[in-house]
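Line by line, the protein sequences give chains A and B.
For the first sequence, the positions run 1 to 592 when the UniProt record's numbering is used.
For the second sequence, the positions run 1 to 592 when the UniProt record's numbering is used.
Hints are computed from structural coordinates only; laboratory data are not their basis.
No residue lacks a Cβ here, since even glycine has one placed at the ideal position from N, Cα and C.
One should not assume that every hint holds.
[Claimed, not checked] So, partial list: chain B residues that the calculated Cβ filter (under 7 Å) puts toward chain A:
{"#": "1", "residue": "Phe68"}
{"#": "2", "residue": "Leu119"}
{"#": "3", "residue": "Ala335"}
{"#": "4", "residue": "Val412"}
{"#": "5", "residue": "Thr414"}
{"#": "6", "residue": "Gly542"}
{"#": "7", "residue": "Asp543"}
[To be verified] Okay, derived cross-link-like pairs now, PhoX-like style, lysine-lysine, Cα gap no bigger than 25 Å in a straight line:
{"#": "8", "chain 1": "A", "residue 1": "Lys304", "chain 2": "A", "residue 2": "Lys292"}
{"#": "9", "chain 1": "B", "residue 1": "Lys343", "chain 2": "B", "residue 2": "Lys420"}
{"#": "10", "chain 1": "A", "residue 1": "Lys399", "chain 2": "A", "residue 2": "Lys562"}
{"#": "11", "chain 1": "B", "residue 1": "Lys11", "chain 2": "B", "residue 2": "Lys304"}
{"#": "12", "chain 1": "A", "residue 1": "Lys488", "chain 2": "B", "residue 2": "Lys343"}
{"#": "13", "chain 1": "B", "residue 1": "Lys357", "chain 2": "B", "residue 2": "Lys407"}
{"#": "14", "chain 1": "B", "residue 1": "Lys488", "chain 2": "A", "residue 2": "Lys491"}
{"#": "15", "chain 1": "A", "residue 1": "Lys407", "chain 2": "B", "residue 2": "Lys585"}
{"#": "16", "chain 1": "A", "residue 1": "Lys110", "chain 2": "B", "residue 2": "Lys407"}
{"#": "17", "chain 1": "B", "residue 1": "Lys407", "chain 2": "A", "residue 2": "Lys488"}
{"#": "18", "chain 1": "B", "residue 1": "Lys491", "chain 2": "B", "residue 2": "Lys585"}
{"#": "19", "chain 1": "A", "residue 1": "Lys443", "chain 2": "A", "residue 2": "Lys401"}
{"#": "20", "chain 1": "A", "residue 1": "Lys103", "chain 2": "B", "residue 2": "Lys407"}
{"#": "21", "chain 1": "A", "residue 1": "Lys491", "chain 2": "B", "residue 2": "Lys11"}
{"#": "22", "chain 1": "B", "residue 1": "Lys407", "chain 2": "A", "residue 2": "Lys407"}
2 protein chains.
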Amino acid sequence: MPLGERYGGDKSESRYCGVETDFDDDIPNLLSFNIHGGFDFLLATLMNPDYRPSLLGDDTSRSHALPFAGSDLVLSPSQWNSHVVGKISSWIDLDSEDETIRKDSEIALKQEIAWASHLSLQACLLPTPKGTSCANYAKCLNQILQNLGSMQLWLRIQLDDSEYDAAERNPDHRGEGQIDSWELWNSFRLICEHHDHLSVALDILSSLPSSSSVGRWFGEPVRAAIINTNSFLTNARGYPCLSKRHQTLTTAFFNHSVQIVITGRPVHNIPLGASGSSSENPIEGGWRHPLKSYLDYLAYLYQKMDPLPEQERFELGYRDYLQSPLQPLMDNLEAQTYETFEKDTIKYSQYQRAVAKALVDRVPDENATSVTTVLMVVGAGRGPLVRASLQAAEETERKLKIYAVEKNPNAVVTLHNLVKLEGWEEIVTIISSDMRDWDAPEKADILVSELLGSFGDNELSPECLDGAQRYTSFIQPVTACKLYNDIKSHKDLVHFETAYVVKLHRVARLAHNQPVFTFTHPEYSTKKSNQRYKKLLFNIPGDTGSALVHGFAGYFDATLYKDVHLGIEPSTATPNMFSWYSLYKYLDPYDT
Amino acid sequence: MPLGERYGGDKSESRYCGVETDFDDDIPNLLSFNIHGGFDFLLATLMNPDYRPSLLGDDTSRSHALPFAGSDLVLSPSQWNSHVVGKISSWIDLDSEDETIRKDSEIALKQEIAWASHLSLQACLLPTPKGTSCANYAKCLNQILQNLGSMQLWLRIQLDDSEYDAAERNPDHRGEGQIDSWELWNSFRLICEHHDHLSVALDILSSLPSSSSVGRWFGEPVRAAIINTNSFLTNARGYPCLSKRHQTLTTAFFNHSVQIVITGRPVHNIPLGASGSSSENPIEGGWRHPLKSYLDYLAYLYQKMDPLPEQERFELGYRDYLQSPLQPLMDNLEAQTYETFEKDTIKYSQYQRAVAKALVDRVPDENATSVTTVLMVVGAGRGPLVRASLQAAEETERKLKIYAVEKNPNAVVTLHNLVKLEGWEEIVTIISSDMRDWDAPEKADILVSELLGSFGDNELSPECLDGAQRYTSFIQPVTACKLYNDIKSHKDLVHFETAYVVKLHRVARLAHNQPVFTFTHPEYSTKKSNQRYKKLLFNIPGDTGSALVHGFAGYFDATLYKDVHLGIEPSTATPNMFSWYSLYKYLDPYDT
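In isolation and in its complexed conformation, chain A is listed as follows:
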């Protein structure tokens, strides 16, 4: 039973909560016990833990069946697929010094994954590497991944606490067994070449590393977080609860489609009769799963999260989805594209405010009826900036003459109709032309444009509002495993070289962003080149540990006029605007 529903049709995977179980011959019973108890899926051992390939004689192998927990027919294909995550035997150690163990491990690992694959399980949990050296384990996994169908492999990694500090205090220590567990994951992932079926299941302990250290994981493909019952505290009424930091982390997992799995024995003695009318007496139908109070607490956390705002829900499908930036100079935008961007009312009200301020500054009240200000909208589209400018004129009771320049002949059709419909023929002149070719018959007092990309200069520009002080672009290094894999899947250089527009979600922002370029308009000097170059040094907080940079996130902020600004730089972003997502650009760390 899902933990809750945050909004109508909540499809988040993190609604499903699992439970880790011990080996049991009777899988149907094990499943029914836990599903009935309120869990959605099992982390279940598939093979008898006593099995070792080397214990079987060669002569019997012909007719011998492997010691799995029953046949594939004990559950229906959809039960296997929806409710069971296979747990690979934890004795497996492919880097053991003992050759028998090593060989047994390799055979068993392959057999168990083949069996899980036969059952069409969605995922298997791989045991945590035993030591700091795990090259053979990783190499063998990489082989397996080459021929795996759609099944995910979750590598179990401890979200560990003290290792980083320990290493800092005593650098020699690290090589001898103490290692930042992220490094373990990273070396696996590199050997498996970022295979997108390899992901992470984090073991959550009672103490947590620093926020920066934990934060790294949100750019990694974490699919599950396994919380041990002994990581729970006890509240005043004797029930399990989590520390504030654990709560924050769990909520972040919920927001990043990470599924929670509960493991361990119940360690809280729930007072009898405490949970309303139901008692512990199974005869009265009041049977409760021994871990139910932990599950209830997680459901409580899930349900008390703030509901997702409508805009966010609408944009769920865009999260971490690579979009090629619009190229309005090269391509003509479609009607639907105009339709979408015209709906961004916040943006146009900022433009209206800026034009209004500029009009009042330029024309004193006493000249309001006698002076006409010449305003040019460059890139008028279907007219939203024309409308915003006219509204500013009406609001300030100033007189305007507008030139609306637009190169897309299809948008010009609509613009003509708009002007006719609204009776603006005396005020607005439509110029059906590329602005770069147009010889303006007079000079503009105010220039209005929305030709900004997510990075300020990546769509067109440099055209902007007259009197605009500047617009500035910002970048920030990120871990973004999902985006990196999506780019990689195209198998060509072009995609690695493209700067994408992305609603960033599953990323770890590793350092504060920094301004890159500032453009000032109008640019009176014609000698200045538009080629720019900048070198930046980012400081990753000292308690982060190691991290992999998959590229940079980019933002912009534009000053439209005086204090009226528009932008997406996270600390100053204009609220409720949806016209721009961030920029994401892969950058090879060795490519400097």
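Using the hints, position chain B against chain A.
The following block gives chain B in isolation, referenced to the frame of chain A:
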């Protein structure tokens, strides 16, 4: 309003019926008139028919808007997208001898398609090429297709009648204007390199070409059939109806997702008050669209089609979908795959019948209790052939000893469980091994196998039922534009070289199939090579006209024992069996 619903959730595109309209300034009214009248979409001219680019002076072009029927805002994006197919101006002639017309045509074609694209229309109808030479038209379209989004272009082609005969009677005639209209389409399609956004809209006239000639089109990407009102006959009560051949064709269109469009003026005078209580008086709410009786007739044809059998409905998603053949030797099949194939009860009852006949032939009644027949199932999977064989033994009261050989260790797990569960331990010996490595301890009296691919020998074989006379493969040349394009989209040679398993639907079978190879088992000679070679000559019926061969469809028929056979060769196919679809293999026509 769709023509009908053949089954719950009928999603066939051919449910939607369109109407061709004249140019009208008032698109909203035109749409509402026809939607209210019962049609689902319009074939609507987008630009004023009087417009010619050369009539506009250069000086006015800066601010001039193109003479479209209103702005994009007159309809909502979803109305444009769902209810309007753009009709490109019919005066356009890119191969005209008159240079002004030719230049105007090229400009207007590009402008109109850009406008349609701006509106996100699903499709545009392109005018029929004016003469036999259409190289410039096709070349220009090919350019346009390179930068087109998701919009389809429907080339309007007459399903013509007499041309083929005319050409046959007088071969010289063909070059002078008379041409098989398929050739026109084919030269377009070849110049546009089979672009998958280029398709056909067929004009249906009152007389139809031969069945073979019409049949060619079912392998082509036909999206619409435009039926003129004067192609309708009049029934005894004065209502429009279609000839038997037209009815058959229309039903075939419905079955192949081809949308019908009605064009022309109403030419049937429907008796007043004939349609029940409604009259022609608009005041009484009895208003009828002037073409409503034609639409009603098409709805009647749609609704009287046989309902789609459940199995067919289940398999709709597999139609014309390329599946890579299973490779049970190389890959271990998954539980879900076994599950699917085990459900094919017809297949296993054929096997049971064959084994039963073989048992009765081999062991006379008087020896039934004393003689035990040794039967080997090679490729036992999870046991369906073991079960069928045991049922045959029970039915005939003969005694069996079974060796079940299976190489997939995961299937062997289930096989062991099955044998235990059913108490077959005394009768069935499970051999967990690749049959090619296995030294059998005794000789088999009967060998049972289902290792047949769609082409007989393409999965594994040559293993088959003892006493089986043979199995035979068959091929047939087909036009299969959709499959060809799907293969081409991978842009590599491997996909062109792969033989796929396909539920063939949108294909034209151009000639009778012919047997290719016959395999006889057991093969006692070990000298005979499995390499085979065959040359076949196919005769395409004389009244077909030209056609393009996109490859070959392949089938098999296997004799299990005496008169018990199993197969998918269309004329003798075992009914209600779903384990095998046809084979489809691309073959370059120049590659011989």
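Hints, one by one, checked against the model:
1. Phe68: 5 Å, holds
2. Leu119: For leucine 119(B), the interface hint holds, since the closest Cβ of chain A sits about 5 Å away, which is under 7 Å.
3. Ala335: 4 Å, holds
4. Val412: Since the shortest Cβ distance to chain A is 5 Å, the answer is holds.
5. Thr414: 4 Å, holds
6. Gly542: Hint violated; glycine 542(B) Cβ to chain A Cβ min 49 Å, cut 7 Å.
7. Asp543: Where the cut-off is 7 Å and the nearest Cβ of chain A is about 46 Å from aspartate 543(B), the hint is violated.
8. Lys304(A) - Lys292(A): 18 Å, holds
9. Lys343(B) - Lys420(B): Holds: lysine 343(B) and lysine 420(B) sit about 22 Å apart, inside 25 Å.
10. Lys399(A) - Lys562(A): Holds, at roughly 21 Å.
11. Lys11(B) - Lys304(B): 17 Å, holds
12. Lys488(A) - Lys343(B): 40 Å, violated
13. Lys357(B) - Lys407(B): Violated - the C-alpha atoms of lysine 407(B) and lysine 357(B) are around 28 Å apart, more than 25 Å.
14. Lys488(B) - Lys491(A): 18 Å, holds
15. Lys407(A) - Lys585(B): Since the Cα atoms of lysine 407(A) and lysine 585(B) sit roughly 48 Å apart, the hinted pair is violated (cutoff 25 Å).
16. Lys110(A) - Lys407(B): Distance ~16 Å between lysine 110(A) and lysine 407(B) Cα, so the pair holds.
17. Lys407(B) - Lys488(A): 36 Å, violated
18. Lys491(B) - Lys585(B): Holds, because 16 Å separates the two Cα atoms, which is no more than 25 Å.
19. Lys443(A) - Lys401(A): 12 Å, holds
20. Lys103(A) - Lys407(B): 22 Å, holds
21. Lys491(A) - Lys11(B): Violated, because 36 Å separates the two Cα atoms, which is more than 25 Å.
22. Lys407(B) - Lys407(A): This hinted pair is violated, its Cα atoms lying about 67 Å apart.
Figure legend: structure checked against the earlier numbered hints; hints not met, in rising order: 6, 7, 12, 13, 15, 17, 21 and 22.
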